[in-house]
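Whole structure, please, built from the sequences with the hints as guidance.
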Amino acid sequence: MTVSALREAFGSAIVRHAVICGDTIVWVSRDRIHDALAWLQATPDQDYNYLTDITAVEYRDTERPLEIVWQLRSLARKVDLRVKVALDKRAPLEVPTCWDLWKGADWLEREVYDMFGVTFTGHPDLRRILMWETYAEGYPLRKDFPLRGHFSRAEQTRQALAANPEANYSLEELSIAEAYHELPKEMRERLRHGERGFLK
Amino acid sequence: MSIRTVEMALSTPGLDAEGRPVQVPLGVGGRDTAESRIPGHYDEDFGAEHMLVNIGPQHPATHGVLRLVLELEGETVKRCIPHIGYLHSGFEKLGEYRQYNQIIPLTDRTDYLSPMANNVCLALAAEKLMGIEITERCRVLRVIACEMSRIISHLVWLGTTGIDLGAFTPFLWSFQERERIYNLQEAWTGARLTTSLTRVGGMMADIPDGFEAGLREFTRTFPNTLREVDTMFTRNAIWCGRTQGVGVLTAAEAINYSLSGPMLRASAVDYDVRKDRPYLGYETYDFDVAIGEHGDIYDRYRIRLEEMFQANRILEQALDRLAALKGAPLNVDDPRLILPPKRRAMSDMEAMIYHFKQVMEGIKPPVGEAYMGIENPKGELGYYFVSDGSAKPVRWRIRPPAFINLASLPKMCEGALLSDVIAINASVDIVMGEVDR
Chain P
1 MTVSALREAF GSAIVRHAVI CGDTIVWVSR DRIHDALAWL QATPDQDYNY
51 LTDITAVEYR DTERPLEIVW QLRSLARKVD LRVKVALDKR APLEVPTCWD
101 LWKGADWLER EVYDMFGVTF TGHPDLRRIL MWETYAEGYP LRKDFPLRGH
151 FSRAEQTRQA LAANPEANYS LEELSIAEAY HELPKEMRER LRHGERGFLK
Chain E
1 MSIRTVEMAL STPGLDAEGR PVQVPLGVGG RDTAESRIPG HYDEDFGAEH
51 MLVNIGPQHP ATHGVLRLVL ELEGETVKRC IPHIGYLHSG FEKLGEYRQY
101 NQIIPLTDRT DYLSPMANNV CLALAAEKLM GIEITERCRV LRVIACEMSR
151 IISHLVWLGT TGIDLGAFTP FLWSFQERER IYNLQEAWTG ARLTTSLTRV
201 GGMMADIPDG FEAGLREFTR TFPNTLREVD TMFTRNAIWC GRTQGVGVLT
251 AAEAINYSLS GPMLRASAVD YDVRKDRPYL GYETYDFDVA IGEHGDIYDR
301 YRIRLEEMFQ ANRILEQALD RLAALKGAPL NVDDPRLILP PKRRAMSDME
351 AMIYHFKQVM EGIKPPVGEA YMGIENPKGE LGYYFVSDGS AKPVRWRIRP
401 PAFINLASLP KMCEGALLSD VIAINASVDI VMGEVDR
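Protein sequences appear in the order of chains P and E.
Mapping the first sequence onto this note's numbering, position 182 (from 1) lands on 182, and the numbers just tick up by one.
Mapping the second sequence onto this note's numbering, position 126 (from 1) lands on 126, and the numbers just tick up by one.
Worth flagging that the hints you see were computed from the coordinates, not collected in a lab.
It is possible that some hints are incorrect.
[Said to hold, decoys possible] The calculated DSSO-like cross-link candidates involving lysine-lysine, where the alpha carbons are at most 30 angstroms apart (straight line), are:
hint, chain 1, residue 1, chain 2, residue 2
1, P, LYS103, P, LYS89
2, P, LYS143, E, LYS357
3, E, LYS392, E, LYS342
4, P, LYS103, E, LYS275
5, P, LYS78, P, LYS103
6, P, LYS143, E, LYS93
7, E, LYS364, E, LYS78
8, E, LYS275, E, LYS411
9, E, LYS411, E, LYS357
10, E, LYS326, P, LYS143
11, P, LYS143, P, LYS89
12, E, LYS326, E, LYS275
13, E, LYS342, E, LYS326
14, E, LYS411, P, LYS78
15, P, LYS89, E, LYS364
16, E, LYS364, P, LYS103
17, E, LYS411, P, LYS103
18, E, LYS78, P, LYS103
19, E, LYS93, E, LYS326
20, E, LYS78, P, LYS185
21, E, LYS342, E, LYS364
22, E, LYS392, P, LYS89
23, E, LYS357, E, LYS342
24, P, LYS89, E, LYS78
25, E, LYS364, E, LYS392
26, P, LYS143, E, LYS392
27, E, LYS93, E, LYS357
28, E, LYS392, E, LYS78
29, P, LYS78, E, LYS357
Laid out in structure tokens, this is it:
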């Protein structure tokens, strides 16, 4: 029912759909994904008011596009819907944020950005969340990321020992306290370079 | 008014013309200067400047390695910036290098306060992906595992939150009760924390002798302790003062922030996965779902307390069913899924081949994907598997309830007092192993 209504509203932007293991999955084109999510949330018949999860899937087949997955739910109707967008890996990995629709998307999108390097355009605070801000090895859940990381164990140890514990506050946080100008000059320099300077 | 005058006024409140006690405004006194007499002026000592306070990552009140950076104006929180990831272990990445049954030990270590429930969710997700129908006895045992986990997880929450708010005794009570469940859990699985209880299509082990009697005894006496906690907390003036009206989220906000579990239900949203998307035959058990009203810490406490009573009810019913299913098969009858007994594997050619193929190749699900959500103590735990037909998943996604619930912390802390931040953070019921994964 949802799929046919979606097709009616969005036409060719609904790329395809499938039912796998009892779950309905809809592939939407990237250009219309934000409209489709907003429509699913706001249309009374659909009423997908609850965002269960946002994640991404990269397949072992390197030719296959990377997929962004939204798990939606209607609490009142007790139905689930999985919405996907396929992203060509040769182009920049970008999708519009749905933070304006669900505040719960904030950390979930940050996590996908952190783990897969997908940019959610329009997200107000897209920073790394699980890895530290100076992490320079790439995006851990990508298939080209080896299980033990890109750097050698020796290099990882060296960087961990060389990390400056004083640089724990972000610049934004230091500006709250107006403490930035009271810091020693040498530390200000380091912070201005973001202390994330090495090996990008 | 000088500081000294304020102190004098406080120590001798006095009465005004109408006989009411004189109220002295605090915090706006400061030094008596020409500037301080200008209306709206705040002395620098009393909070015109915002202050940055760091809590954690090594702080007992953050319940793990959570770090909070707070922007304070006086004692009021203007902004709360959480930093997580100190316990990141890359479980999702590790899962892509493991067969389905080998992922089960990883799930023990995510939400380590309710390992058995995580094991059950993983087995259910893999079974959904492979289209396996498990036996009735297995279902009942998994319900018992889930509800035992709910009780121990909520007991830890109750004890630690009590300590955070200055109540020490219920901590001892709840940990004593928890110990009894842990002993049963140890007898069943051989481990107190890394249980790895389930397998795809069945269980790692059947319950040992004396387990049913032990659990019966627990369910008989456990409500007494809960009632004592109820007596201590529910109408306690200090407890109510610290929790009522603190950290409030409305129903619309709770849905918008994707909260789940007791956090969602405290905000008057009637959603419980056990009732609304039943699994393991939960629809056939007789239990009630507690729904809050105000969305504050107090309601979250009431809901968790009631959930323990209800979990106890479910355990009693499950034990009755277990007695009726005595001798029924536990695992599915499929040698491609379930390892043969060791004795047969060493003496029977066919069993040995199945054993070899399972250990060396693993179980291969069809190409596809499946999402399975269950009602964990912390909220809705979901495992999302994507399979390309090989024995190892392409993607294993954990939908972490604690992570998503914690994301609402900045919202709840806005405008709260510094001491309330501790209470609010405790009420989310986080476990950092799951937040950071």
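The hints, checked one at a time:
1. P:LYS103 - P:LYS89: This hinted pair holds, its Cα atoms lying about 27 angstroms apart.
2. P:LYS143 - E:LYS357: Satisfied, since the Cα-Cα distance of roughly 27 angstroms is no more than 30 angstroms.
3. E:LYS392 - E:LYS342: At roughly 25 angstroms apart (the allowed maximum being 30 angstroms), LYS342 (chain E) and LYS392 (chain E) satisfy the hint.
4. P:LYS103 - E:LYS275: With a Cα-Cα distance of about 26 angstroms, the restraint between LYS103 (chain P) and LYS275 (chain E) holds, given a limit of 30 angstroms.
5. P:LYS78 - P:LYS103: At roughly 21 angstroms apart (the allowed maximum being 30 angstroms), LYS103 (chain P) and LYS78 (chain P) satisfy the hint.
6. P:LYS143 - E:LYS93: Holds: LYS143 (chain P) and LYS93 (chain E) sit about 9 angstroms apart, inside 30 angstroms.
7. E:LYS364 - E:LYS78: violated (52 angstroms)
8. E:LYS275 - E:LYS411: Holds, because 29 angstroms separates the two Cα atoms, which is no more than 30 angstroms.
9. E:LYS411 - E:LYS357: violated (52 angstroms)
10. E:LYS326 - P:LYS143: Violated. LYS326 (chain E) to LYS143 (chain P) sits at ~47 angstroms, over the 30 angstroms cutoff.
11. P:LYS143 - P:LYS89: holds (12 angstroms)
12. E:LYS326 - E:LYS275: Judged against 30 angstroms, a Cα distance of about 27 angstroms means the pair holds.
13. E:LYS342 - E:LYS326: With a Cα-Cα distance of about 23 angstroms, the restraint between LYS342 (chain E) and LYS326 (chain E) holds, given a limit of 30 angstroms.
14. E:LYS411 - P:LYS78: Judged against 30 angstroms, a Cα distance of about 27 angstroms means the pair holds.
15. P:LYS89 - E:LYS364: Answer holds: LYS89 (chain P) to LYS364 (chain E) is near 28 angstroms, not above 30 angstroms.
16. E:LYS364 - P:LYS103: Cα-Cα ~38 angstroms, so violated.
17. E:LYS411 - P:LYS103: holds (10 angstroms)
18. E:LYS78 - P:LYS103: With Cα atoms ~19 angstroms apart, LYS78 (chain E) and LYS103 (chain P) stay inside 30 angstroms; holds.
19. E:LYS93 - E:LYS326: violated (40 angstroms)
20. E:LYS78 - P:LYS185: Judged against 30 angstroms, a Cα distance of about 29 angstroms means the pair holds.
21. E:LYS342 - E:LYS364: holds (22 angstroms)
22. E:LYS392 - P:LYS89: holds (23 angstroms)
23. E:LYS357 - E:LYS342: holds (15 angstroms)
24. P:LYS89 - E:LYS78: With a Cα-Cα distance of about 41 angstroms, the restraint between LYS89 (chain P) and LYS78 (chain E) is violated, given a limit of 30 angstroms.
25. E:LYS364 - E:LYS392: Holds, because 8 angstroms separates the two Cα atoms, which is no more than 30 angstroms.
26. P:LYS143 - E:LYS392: The hint holds at about 14 angstroms.
27. E:LYS93 - E:LYS357: holds (25 angstroms)
28. E:LYS392 - E:LYS78: Distance ~47 angstroms between LYS392 (chain E) and LYS78 (chain E) Cα, so the pair is violated.
29. P:LYS78 - E:LYS357: violated (40 angstroms)
This entry does not satisfy hints 7, 9, 10, 16, 19, 24, 28, 29, going by the numbered hints stated previously.
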